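The primary structure of each chain is shown beneath.
There are 4 protein chains.
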Amino acid sequence: MEKIKVGIAGLGRLGKVHANNIAFKIPNAELTAACSIVPAELEYAKSELGVTDVYTDYREMLEKADIDAVAIVTTSGEHCWQIAAALDAGKHVFSDKPLGVTVEECKLAEAAVERHPELSFFLGFMRRFDPSYAYAKKKIEEGAIGTPYMVKATGIDPEALVEGAIKFAATSGGIFIDMAIHDIDLMRWFLGSDPVEVYAAGATFKHPEFKEAGDDETGVAMYRCENGALGFVHVGRTAAHGYHVETEIIGTEGSLRISPVPEKNLCMIYDKNGAVVECVSGFPERFAESYQLEMQEFIDCVGEGRKPEVTVYDGTKSTQIGFATTEAWKNGGIVKINY
Amino acid sequence: MEKIKVGIAGLGRLGKVHANNIAFKIPNAELTAACSIVPAELEYAKSELGVTDVYTDYREMLEKADIDAVAIVTTSGEHCWQIAAALDAGKHVFSDKPLGVTVEECKLAEAAVERHPELSFFLGFMRRFDPSYAYAKKKIEEGAIGTPYMVKATGIDPEALVEGAIKFAATSGGIFIDMAIHDIDLMRWFLGSDPVEVYAAGATFKHPEFKEAGDDETGVAMYRCENGALGFVHVGRTAAHGYHVETEIIGTEGSLRISPVPEKNLCMIYDKNGAVVECVSGFPERFAESYQLEMQEFIDCVGEGRKPEVTVYDGTKSTQIGFATTEAWKNGGIVKINY
Amino acid sequence: MEKIKVGIAGLGRLGKVHANNIAFKIPNAELTAACSIVPAELEYAKSELGVTDVYTDYREMLEKADIDAVAIVTTSGEHCWQIAAALDAGKHVFSDKPLGVTVEECKLAEAAVERHPELSFFLGFMRRFDPSYAYAKKKIEEGAIGTPYMVKATGIDPEALVEGAIKFAATSGGIFIDMAIHDIDLMRWFLGSDPVEVYAAGATFKHPEFKEAGDDETGVAMYRCENGALGFVHVGRTAAHGYHVETEIIGTEGSLRISPVPEKNLCMIYDKNGAVVECVSGFPERFAESYQLEMQEFIDCVGEGRKPEVTVYDGTKSTQIGFATTEAWKNGGIVKINY
Amino acid sequence: MEKIKVGIAGLGRLGKVHANNIAFKIPNAELTAACSIVPAELEYAKSELGVTDVYTDYREMLEKADIDAVAIVTTSGEHCWQIAAALDAGKHVFSDKPLGVTVEECKLAEAAVERHPELSFFLGFMRRFDPSYAYAKKKIEEGAIGTPYMVKATGIDPEALVEGAIKFAATSGGIFIDMAIHDIDLMRWFLGSDPVEVYAAGATFKHPEFKEAGDDETGVAMYRCENGALGFVHVGRTAAHGYHVETEIIGTEGSLRISPVPEKNLCMIYDKNGAVVECVSGFPERFAESYQLEMQEFIDCVGEGRKPEVTVYDGTKSTQIGFATTEAWKNGGIVKINY
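Residue numbers (full-length UniProt numbering), protein chains in the order written: chain A, 1 to 339; chain B, 1 to 339; chain C, 1 to 339; chain D, 1 to 339.
Looking at chain A on its own, in the form it has when it is part of the complex:
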């Protein structure tokens, strides 16, 4: 078994998750290089990941490291140029979502991908690899609910983590850019159609700091798709019970619902409160397995010369939809979406 050699760029919280998966959980992968502008992260690479070939300069890693592929887990604004540089250096690319922070730079990434049909490009919409979401997709493909025509998606961060969100409220791009990208991707994936119109609104009832920063603590958007299907996305930051990600797909013959109770595990307690199911604390807990499965799929795509199901165009479109939603929310009106 030939192992795919991977260099990681970025070793923040999520970078560490990916790095550990590559280093220890993917049989046919090997983590051979790491790049970060944060010295402590490079220390981590050496001491915890056993990676000695480390860089502070991304381009230098591309040039010198013994790698077949890179995993880009840097800040969103760096993704696109790093994608293009890696592809142009002959490396397969895994990039965390979002593809980019402007449509223009997404187009540059698209061009780079198109320049290198011989390479695999993988965009980290990891929810598609969550066993429950993947199962839902499979059931739909098997016809279990007929034709899907509506998606209702909810994603609410835990109140326990709200301080961080408040801190970044002014620079996050707004709640839809910050939080709705996965839901938008799931909506497109399950419906098999792109939204052409969006109406959106927001609310802030608990933490006025969001309003003061030009943001909202809750956002809701309604979408009409090209094929007539409908979408509803609800994102928020103040779930008392934990991290709430729930999705419903409604079809002509039935419907599927993923995770209406974001259970921590299979243990229920009966106590003075009633029958209680404790809930997951955040995305690292909820989607730990998805991160591993998506990386496995990336490595397998590289190894087998396959193209991933998610494309660079999915990345561009979700970004476009995010911006259109933000515009509708800011202006309180309906926005048409052109691709």
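FYI, nobody ran anything at the bench for these hints, they're computed from the structure.
Since this is a predicted model, take the numbers as computed values, not measurements.
Check the hints yourself; a few may be wrong.
No copy is singled out in the list; a pair is fine if it fits within one copy or between any two copies.
Taking lysine-lysine and the BS3-like style, the derived pairs with C-alpha atoms no more than 25 Å apart in a straight line are [what the hints assert, rightly or not]:
1. K137 - K211
2. K264 - K25
3. K25 - K211
4. K206 - K138
5. K16 - K3
6. K46 - K25
7. K64 - K336
8. K167 - K139
9. K25 - K3
10. K336 - K138
11. K46 - K5
12. K211 - K138
13. K206 - K46
14. K330 - K16
15. K16 - K272
Once you've looked at the hints, dock chains B, C and D against the given chain A.
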């Protein structure tokens, strides 16, 4: 115990439900008269309800029958004038929802109610009396979820009954008028604020007959309320699993969800399909108890000289909101709602 | 519609439930007489139930009152002679469970029932009329789980009510006599076979008062039935979350479970504890509908000259099984059950 | 990071699971040798696991291979001598459950463990590492349910796999030896006390082949523990819905229930059957994570010189309890358990 004497107007499917409750399930009520233009319904009154004092003319019942109150369960277009006539005849009035089919006639009902502050007027938003909804309201009032700021309401009729809906599609007033009135009332009730803007859309993927009749089989609407709260209503007609009424109320400190699984009863089956909960077949099954409880409350209000919590103005507003939603849906735009 | 005239004997907590059902909830019944040795209960009959024909002597009520039937809701030790006296007086009889407190007196009741084949005798195993249990039975009869061969039954009273149980621990007959009779009846009903052997044990970990009174706060029993089927009954008194009655019926093709979460209603709350379903507070809340439905069935049996499904022999057998279980529990051994 | 070098003995279905975990999922472990008497399994080791140092003789592997530890996943009858041989060869030992098939050989394993206090011995009761079971244990230790005093455990294999069970019915040791060992271990673990008495029974209603082979398709046992706590174990082989492992732990202040619905994932379907949760297909699916987590713990114990929580004595006791249960089941009586 003095029993309140009631005359019923209309003995169709729902009329029979109310009549049986009055006759047999409300200790302090007595069904003493019945009015219907359908001979078989008057036969039913005699043979099943033991009511011998029957009428084909509503005004005649008001004039001659020995009644303290009337229960109006006629077709929607008759409600308002019948309400006014009964009040003017000195009778307490229970009217099934909706209050009326135009805002103008609602105003006539309002005026009649205002003319008779000595009489009880009760509008049949029975969901408010469902033990689960009533419990949710009580929990909210006790502060269990802080300030409620979003309601997500779903009401889907069973596919098993879709033929009837198709038959009446051209004359029902459209899916929002036909189906969303309870959800609109619940939204106002739980949020304690009125919607001032609505965006709506529809979809038809299973039964093109709806589209052909100018209707849709699914409708979704988003509301922004005066106080900044948000509402989402999803109505449909093709639930494979039964009658699906579900409501979520989201607050600053928690959220409540009523009936995500519209269970038929407390019996679950484990079989080759998995762990299966069978679902209720329709509103008569789901809300049987609510119909009884709302009638009990009406009778108690009459007996104790109390005013019901639901007012005639709630009826007018829900009708106005229904029309605004319909306009948004028909025109594909945003509609402002003025009261 | 001819109404069945009923006299009630006993107006304690459960007696009031039955009396109100007869008086106000059963269309074809009428409560025309009441008997109690407690003056306040007769006052209640007059003021709340509108019954003016009241007695302190049971036999006098049988002799003088204008009644077709009696409903016996007195203390368990009075049931059998009151049943016999009523039947011999030509009255149909509803008796609350248990049939009697000794097998000998059960046999006297059996003889009285056999003497009067023209009269209806109804034993109040009301759980059989609970919509969920009745539905389970119907599903089994339809073959949904093949041949049922095991029942696992749990019945735990709420800790909130434990003081009352402690008070009566010395005189209750022990936990199995006090609490297991419904579960024993359900086991026989669902399995269609009688237990021929029982092993039982008890435990007291929270309230030593039970042990001191010769009782236990928890009891478990295992049964082997004539046809080879198995039963497991677990009764207790200290459920933190409320009143927990749960039953599982396992068959060759599937299994049914009734009420693993003894939900108060359909409202779930998401709060800092997680996703919480509040639970019912006790049997009056859990089985309110069952009491009404069983009384309706009794009245209908009388009206239609039908024999109820539950027989006097079911009453005797459940009593015998209760005693055998108690013997096994007391002696820590296996007891054979002969009928 | 020094990696622990492991040799695996046995590469059947479960052996492959363990081998893949050691080779690819445990950062600080390395699979360096493999032993099997089945040539195809050694081929698998080479081609899929990258292990070139393979043996057909277990003692030869102990002598020659470059290993710190062995993982024993051979047939149950081989465990004890292989444990002793490995410990005497200075290797840390992971052995799959059960410890042995007779109490005598368990004692030999005990002696070997006692001879080598410098080595880690780990017995594979993997359910203790399942996140839900581990969480339940943690909650109990935190006092969430007060003092636990009853465990109700259910383990039912899927009907879909019954053919295999029928084939081995005559040689499996009977249903309790074959299936109850995990439940017995969980009962001891959660209650913190050993059973001193058992009553058991069996039933066969679907596949007479079990009865013909001297076995049963369903077994139930009741235990009384030294500290007065109670246990109930129900094992079976014919679950229509999948693999059903469920455990309830009842304490003085509340109770915990693990997996009453053995859900396949978080996806629920609403279709013509109702609201359906599909279930897991078998133990490899249900406990995949547990196998990985227990092996991680073994490797960490070796690396850190720690002693695992599960001891060799736990292995002996569960075997003794299994035999006592079998005796009670075979003879239809009560059996006292002495350790």
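Here's how the hints hold up against the structure:
1. K137 - K211: neither (37 Å within a copy, 28 Å between copies)
2. K264 - K25: both (22 Å within a copy, 23 Å between copies)
3. K25 - K211: Answer is neither; intra-copy 42 Å and inter-copy 45 Å both fail.
4. K206 - K138: Between. Shortest inter-copy distance 21 Å satisfies the 25 Å Cα cut-off; intra-copy 39 Å does not.
5. K16 - K3: Both: 20 Å inside a copy, 20 Å across copies.
6. K46 - K25: both (18 Å within a copy, 19 Å between copies)
7. K64 - K336: Cα proximity of K64 and K336: none, with 46 Å in one copy and 62 Å across.
8. K167 - K139: neither (41 Å within a copy, 32 Å between copies)
9. K25 - K3: both (12 Å within a copy, 15 Å between copies)
10. K336 - K138: Classified as neither: same-chain Cα gap 31 Å, cross-chain 42 Å, threshold 25 Å.
11. K46 - K5: both (16 Å within a copy, 21 Å between copies)
12. K211 - K138: neither (41 Å within a copy, 30 Å between copies)
13. K206 - K46: neither (43 Å within a copy, 54 Å between copies)
14. K330 - K16: neither (35 Å within a copy, 51 Å between copies)
15. K16 - K272: neither (40 Å within a copy, 29 Å between copies)
Checked against the numbered hints above, the structure violates hints 1, 3, 7, 8, 10, 12, 13, 14 and 15; every other hint is satisfied.
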